[in-house]
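Please dock the two separately framed chains into a single complex, following the hints provided.
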Amino acid sequence: MNAPISSFTPSVLAESAVARVSLAAPCARLSLRARGDLAPLNAALGLTLPTRIGQRAQSGESQALCLGPDEWMLHAPETLAAGMQAACDEVYGTLPHSLVDVSGREVTFVLDGPRAVDLLTLGMPRNPDSIAVGEGRRINFDGVTVLLWRDGETAFRMDVWHSFAPHLLHLLGTGVAELAAEAA
Amino acid sequence: MLLIHCPYCEETLPEAEFTYAGQAHVIRPENPSGQTDDQWEEFLFIRANPKGPHYERWRHFHGCGRFFNAVRDTVSDKFLTTYKAGAPRPDLSSLTEGLK
Ligand SMILES: [Zn+2]
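Chains as they are written, first to last, in this note's numbering: chain H, 1476 to 1659; chain A, 3 to 102.
The following block holds chain A by itself, in its conformation from the complex (with noise of 0.2 angstroms):
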């Protein structure tokens, strides 16, 4: 079982009490009605997909409740950050550094 730190909680807690939600930073248009159907497509549906490290949305579902944002590389499913949602999106390198 994975082990996710939720950063509204400070614990570290077992991925039964949480719940992927999709890719992360993906930002409604301020003005949907001014976009063109290629953009309004790639906001409702284009994903990222990534072989490697992914941002991407967890919800504390049995526990605290929050949203949160998180890295997780797709190939060993291990977890490089998890960080409140609205904190800004963490360099990558500063969190590979470690892993090399």
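Extracted from the complex, chain H is given alone in its bound form (with noise of 0.2 angstroms):
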């Protein structure tokens, strides 16, 4: 089943007293890729593109995660969006780069509470431990290609593209529901 971004509104979807997930509210996505000195980028972007995959960088409200020697994530407030891009075609003809908006290609799922970490072991064959707080990487989760960033100990983000969005959510709502049963 596909789903549109319109099916899930903004709420929690799945709550037990230990674990529980929501859907985030809508941002900017923006996908880069460049190759060469980044310098020009991280003028136009306002923040230093990190290097390593599985960084992260942030100003103010934007974001970027490093997914691959030449590849980032950028999340932004939508407001801010248009700025970006913006900006980034300024230093296009010094740094010829592809910035795709994929903001409609998928939805957040934030995952916390206490035993957050074990509800991602239900999908993740990574140590979800092996991605250390402040990081975030792009990970197999159930088969699917998710971005995860580890905002806290057990506070984490999952983005997922939104055709597999149902499938990840009913096997999450399992997982909630299922370790709260142990926790019985």
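In short, the hints are calculated from the structure, not lab data.
As the structure is a computational prediction, the values presented were derived from the model and not from experiment.
Among the hints, erroneous ones may be present.
[Claimed, not checked] Just a few of them, taken from the derived set where beta-carbon distance is under 10 angstroms, the chain A residues facing chain H:
# : residue
1 : Cys8
2 : Tyr10
3 : Glu12
4 : Glu17
5 : Ala23
6 : His64
7 : Gly65
8 : Gly67
9 : Arg68
All C-beta atoms in this analysis are idealised placements derived from N, C-alpha and C, irrespective of residue type, glycine included.
If you want it as structure tokens, here you go:
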């Protein structure tokens, strides 16, 4: 089943005493690809693009996550996206790059609660603790490629392409209930 | 599950994040029209299929997305090394030294 972004409203989607899954408010998502000296893009975006895979950078409400040697995901409030794109267009002549608005492609689930890490192990082959607080990664979650941002010891954001969202939400909902049953 | 070291992420991660992508170091001829049918067949279809160390491509699909090369023993499934795409083919004796 495909799920347009409008299928979910930002709210708590699954909750128990030990873990919670909610939907984040929409934001602008920009996919950036570039190689070489990144200084012009850093100046345009007002932040230093991290160069180690998994590292993040933040400036105000804009965030960048390094996904690959030449690839980043940028999140920002929707009102700032047009300005960021215009600023990057300005430096295209000095540093050719690809900046694509993918805001309509995915939704973000916010995972928190004392057993959020255990909830992740349900679909994640790698150890969630191999991702440090303040970092992020593109990972495999139950066969689906997702972005995982670790905001705290037990606080995560998961960006999911919306066609996969109902499947993953169902899986996470099951996990939230199962972990609560274990605790009871 | 196999654990595979991604030379771009510099992390050793579960096989489920990776996809296999065939034999490595198969080089497309500069001038395909200059090839004989036999040479072209060799390029397209003929692969080594060794019993033992095999130079092969993998892709960190659910991760950095990069293709890279690996030397894997097809008998033990042990990865002898992984290295970035475009890096020279490592010498086999340097990889197997520690195993003897
Ligand atoms: Zn990788």
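Inset, instruction - Check each numbered hint against the structure and report the violated ones by number, ascending. - result: 5
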